[in-house]
Amino acid sequence: MLIDYAIASINAMMGRVDDIVISVSAVLITLLWIPIALNFFSTDENKKIMARERLKNAAIGTVIYIMAISGILFTVFNYVVTGKV
Numbered sequence: 001m002l003i004d005y006a007i008a009s010i011n012a013m014m015g016r017v018d019d020i021v022i023s024v025s026a027v028l029i030t031l032l033w034i035p036i037a038l039n040f041f042s043t044d045e046n047k048k049i050m051a052r053e054r055l056k057n058a059a060i061g062t063v064i065y066i067m068a069i070s071g072i073l074f075t076v077f078n079y080v081v082t083g084k085v
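Counting in this note's numbering, the sequence shown runs from 1 upward without gaps.
A couple of the hints might just be wrong.
[Claimed, not checked] Simulated restraints on C-beta separations:
no., residue 1, residue 2, range
1, Met50, Val80, 34 to 42 Å
2, Phe41, Leu2, 18 to 26 Å
3, Ser42, Val63, 45 to 53 Å
4, Asp19, Val80, 30 to 38 Å
5, Tyr65, Val17, 13 to 21 Å
6, Ala12, Lys84, 47 to 55 Å
7, Arg16, Glu53, 55 to 63 Å
8, Ser23, Glu45, 34 to 42 Å
9, Ser9, Ala68, 26 to 34 Å
10, Asp4, Lys47, 34 to 42 Å
11, Asp4, Glu53, 24 to 32 Å
12, Val76, Ala8, 33 to 41 Å
13, Lys84, Val21, 21 to 29 Å
Quick caveat, the hints were computed from the structure, so don't treat them as lab data.
The beta-carbon is built from N, C-alpha and C at its ideal position, and this holds for glycine as well.
Please model the complete structure; the sequences and the hints are all you need to start from.
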């Protein structure tokens with residue numbers, strides 16, 4: 001009985017931690033893309049050019065961040081270092 005309660009509590013806690021991590025990740029990615037979007041839709045041509053240049057860096061950063069959060073990056077580095085998946 002007590003073990004079942006402890007397991008249920010740990011599962012609920014991990015669910016909340018998962019929700020918090022997803023929310024923080026969404027906020028970080030949003031903060032990365034807001035300045036680029038504002039400059040991309042600007043009427044000033046210089047800002048549009050700068051936004052296009054920053055677009056590639058932001059896209060690469062987003063992909064790396066998503067890979068790091070999902071564990072793909074850890075798996076790739078683990079495979080490179082140890083040769084095992």
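Hint-by-hint comparison with the structure:
| no. | hint | result |
| --- | --- | --- |
| 1 | Met50 x Val80: 34 to 42 Å | holds (35 Å) |
| 2 | Phe41 x Leu2: 18 to 26 Å | violated (58 Å) |
| 3 | Ser42 x Val63: 45 to 53 Å | violated (25 Å) |
| 4 | Asp19 x Val80: 30 to 38 Å | holds (32 Å) |
| 5 | Tyr65 x Val17: 13 to 21 Å | holds (18 Å) |
| 6 | Ala12 x Lys84: 47 to 55 Å | violated (34 Å) |
| 7 | Arg16 x Glu53: 55 to 63 Å | violated (40 Å) |
| 8 | Ser23 x Glu45: 34 to 42 Å | holds (36 Å) |
| 9 | Ser9 x Ala68: 26 to 34 Å | holds (29 Å) |
| 10 | Asp4 x Lys47: 34 to 42 Å | violated (59 Å) |
| 11 | Asp4 x Glu53: 24 to 32 Å | violated (56 Å) |
| 12 | Val76 x Ala8: 33 to 41 Å | holds (35 Å) |
| 13 | Lys84 x Val21: 21 to 29 Å | holds (27 Å) |
Violated hints, in rising order: 2, 3, 6, 7, 10 and 11; the structure is consistent with all others.
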